[in-house]
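Going down the list, the sequences are from chains A and B.
As numbered in the numbering used here, the first sequence has no gaps in its residue numbers, which increase by one up to the final residue, 250.
As numbered in the numbering used here, the second sequence has no gaps in its residue numbers, which increase by one up to the final residue, 276.
No lab work stands behind these hints, which were simulated from the structure alone.
Treat the hints with caution; some may be incorrect.
[Unchecked claim] Among chain B residues calculated to face chain A with C-beta under 7 Å, some are:
| id | residue |
| --- | --- |
| 1 | Leu68 |
| 2 | Val93 |
| 3 | Ala99 |
| 4 | Trp103 |
| 5 | Glu230 |
| 6 | Val232 |
| 7 | Ala233 |
[Said to hold, decoys possible] Here are the simulated lysine to aspartate or glutamate pairs, EDC-like style, with alpha carbons at most 20 Å apart:
| id | chain 1 | residue 1 | chain 2 | residue 2 |
| --- | --- | --- | --- | --- |
| 8 | A | Lys150 | B | Glu139 |
| 9 | A | Lys153 | A | Asp142 |
| 10 | A | Lys153 | B | Glu252 |
| 11 | A | Lys150 | B | Glu173 |
| 12 | A | Lys29 | A | Asp42 |
| 13 | A | Lys150 | B | Glu263 |
| 14 | A | Lys153 | B | Glu17 |
| 15 | A | Lys153 | B | Glu97 |
| 16 | A | Lys153 | B | Asp98 |
| 17 | A | Lys153 | B | Glu230 |
Glycine is no exception: its CB is placed at the ideal position from the N, C-alpha and C atoms.
So the chains spell out like this:
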Amino acid sequence: MRRVNWLRMAVIGVAVALIEALCRGGVIKPFTMTPPSQMLADLLPLLSSAEMLQHVAETLVNVATALLFAIVVGFLAGAVLFVLPRVRRVVDPLLSSYYAIPIFVFYPLFVVLFGLNRTPQIVIGFLLAVVAMIINTLNGFDRVPPVLLKTAKVLRMGRVATTRRVFLPYATLYIFTGLKLAVAYSFIGVIAAEFILSGAGIGYEINFAYNNFDNHVMYPLIVLIILISTFINMSLYAWEKRFLERQTGR
Amino acid sequence: MAGATAASMATPHAVLEGVTRIYPGTGGRAPLHALGKIDLALARGEFFSVVGPSGCGKSTLLEIVAGLQPLSEGRLVFEDRPVNGQVPDGIGVVFQEDASFPWLSVRDNIAFGLRHNGMDPAEIRRRVEFAIGLMGLREFEGAYPAQLSGGMRQRVCIARTLVLQPRLILLDEPFGALDQQTRLLMGDELLRLWRETGATVLLITHALDEAAMLSDRVGVMSARPGRFLEIVATGWPRERDSRIVEQTGFAEITGRLWARLREESMKAMAADGRRL
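With these hints in hand, go ahead and build the complete structure from the sequences.
In structure tokens:
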């Protein structure tokens with residue numbers, strides 16, 4: 001492992017140790033927070049409970065569904081906007097100001113439209129994630145150097161071949177950035193929606209534990225979310241790093 | 001061969017007759033007359049260079065010949081077929097900018113066009129091997145463009161063009177980003193490739209010495225709208241290399257090109273509002 005990684009781990013380790021000491025020393029009261037070691041100890045029995053695993057699965061399925069739709073729709077919408085510049089000129093201001101709108105205010109509307117089930121949560125996750133995909137797909141396509149497109153023309157490649165063999169490979173890194181953001185946004189959207197109005201999922205369980213002052217459930221679940229998103233992000237980061245090493249020689 | 005022979009000119013490889021490029025005016029701006037009229041006949045196997053002041057339309061001329069831009073007026077014929085905005089078969093282009101595909105290794109970059117054409121893998125391997133050897137890329141065949149210098153990347157682009165065995169090679173300032181020594185050495189390699197492939201070469205360059213050293217003929221273009229002021233035949237033998245710069249005739253040709261170009265360059269600078 002590189003020195004910077006050791007340093008990063010050390011910073012996290014020191015922060016966790018500090019919280020542990022503050023909790024154990026009584027500076028942080030048990031009602032406020034349990035020690036990190038206790039959070040981990042509480043997490044293991046939770047994960048062996050079938051009911052809790054169902055909640056975890058519910059959240060992961062919702063996130064995966066929102067993410068999948070966001071990737072497909074976001075990529076296609078980005079590609080369509082790229083080939084239709086007039087439409088893009090109309091839509092561009094909406095895209096750039098999109099995240100200024102708190103999507104969660106529409107949650108009651110989605111409940112009315114889709115019912116009190118998992119669909120409104122998926123829709124929230126999707127709506128948060130999809131624009132990151134659109135913007136990054138457009139960014140990737142915009143950045144393809146004109147000389148590569150001229151080369152494709154000289155090689156007498158048609159539009160489909162140029163898209164498949166020039167646009168897509170070049171834009172991959174940018175699209176991947178959109179994917180990373182979409183993962184984060186769909187997690188935020190789904191879990192926050194579970195907090196607001198839901199009968200299942202990790203967000204619902206955290207909210208339930210919070211309302212019942214049950215720190216032995218709330219904190220382990222927060223740790224679980226951190227662990228899951230860290231694992232996903234690190235996997236994506238490792239893939240991106242390999243790709244970057246090839247493309248930039250760094 | 002000293003320049004284009006009478007026999008080869010009897011059946012020119014490419015002919016431009018009254019070729020003009022006018023960009024239509026947009027947003028209330030007047031149309032821009034970028035090029036022409038251009039009359040030129042390229043002999044088969046000839047090395048022809050074009051020099052001219054900045055912005056005179058040299059690259060536009062190359063893109064028209066490549067079929068990357070339509071011509072506004074006139075006629076362009078390559079191998080007895082008219083060309084107008086569509087890349088004909090048998091033409092290869094090397095651009096000034098780095099056109100290597102960053103996600104592909106040197107080997108895959110060179111094979112890119114052949115794979116797109118659906119060529120037999122064994123033949124692709126044979127041609128790529130040959131090009132890698134020819135361009136001195138053996139050590140780097142598994143490397144990615146980002147791991148190579150600018151000169152090496154340009155070699156990759158030249159190799160990618162050569163494996164397609166084009167009959168007309170268009171070079172748009174391919175050595176523009178290289179230092180003088182590397183340019184001379186790359187010029188030597190280009191001459192060797194030109195002799196070995198027998199292709200016709202049209203080179204666009206800013207460098208008068210490069211044009212004088214490499215070419216059978218050099219076309220000197222006027223300031224925009226670019227047209228040929230003079231076409232200078234160098235009279236060099238086909239077997240030549242960069243040592244030709246030591247000959248007295250070389251300075252004579254370079255001087256003659258500059259004499260023609262000086263006034264045009266000043267005109268171009270004045271038009272751009274620049275001063276010496």
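Does the structure keep Lys150(A) and Glu173(B) at a Cα separation of 20 Å or less? Roughly 15 Å separates the two Cα atoms, so the pair holds.
Regarding the pair Lys150(A) and Glu139(B), is the alpha-carbon distance no greater than 20 Å? violated, 28 Å
Holds or violated: Lys150(A) with Glu263(B), Cα cutoff 20 Å? violated, 33 Å
Hint validity - Val232(B) Cβ closer than 7 Å to any chain A Cβ: violated, 29 Å
Proposed interface contact between Leu68(B) and chain A, which counts if any beta carbon pair is under 7 Å: With a closest approach of 6 Å, the Leu68(B) hint holds.
Lys153(A) and Asp142(A) were given as a pair; does the straight-line alpha-carbon distance stay at or below 20 Å? holds, 17 Å
Has the given pair, Lys29(A) with Asp42(A), been kept, meaning a C-alpha gap of at most 20 Å? OK: Lys29(A) and Asp42(A) at ~17 Å, within 20 Å.
Should the interface hint for Trp103(B) be scored as holding, given a Cβ-Cβ cut-off of 7 Å against chain A? holds, 5 Å
Double-check Val93(B) for me: the hint is only fine if its C-beta lies closer than 7 Å to a C-beta in chain A. This interface hint holds because 5 Å falls under the 7 Å limit.
Does the structure keep Lys153(A) and Asp98(B) at a Cα separation of 20 Å or less? Holds, because 16 Å separates the two Cα atoms, which is no more than 20 Å.
Take the C-alpha atoms of Lys153(A) and Glu17(B), compute the straight-line distance between them, and say whether it is at most 20 Å. The hint is violated at about 24 Å.
Chain A contact restraint on Glu230(B) - CB to CB distance below 7 Å: violated, 30 Å
When the structure is compared with the earlier hints, violations turn up for hints 5, 6, 7, 8, 10, 13, 14, 17 and for no others.
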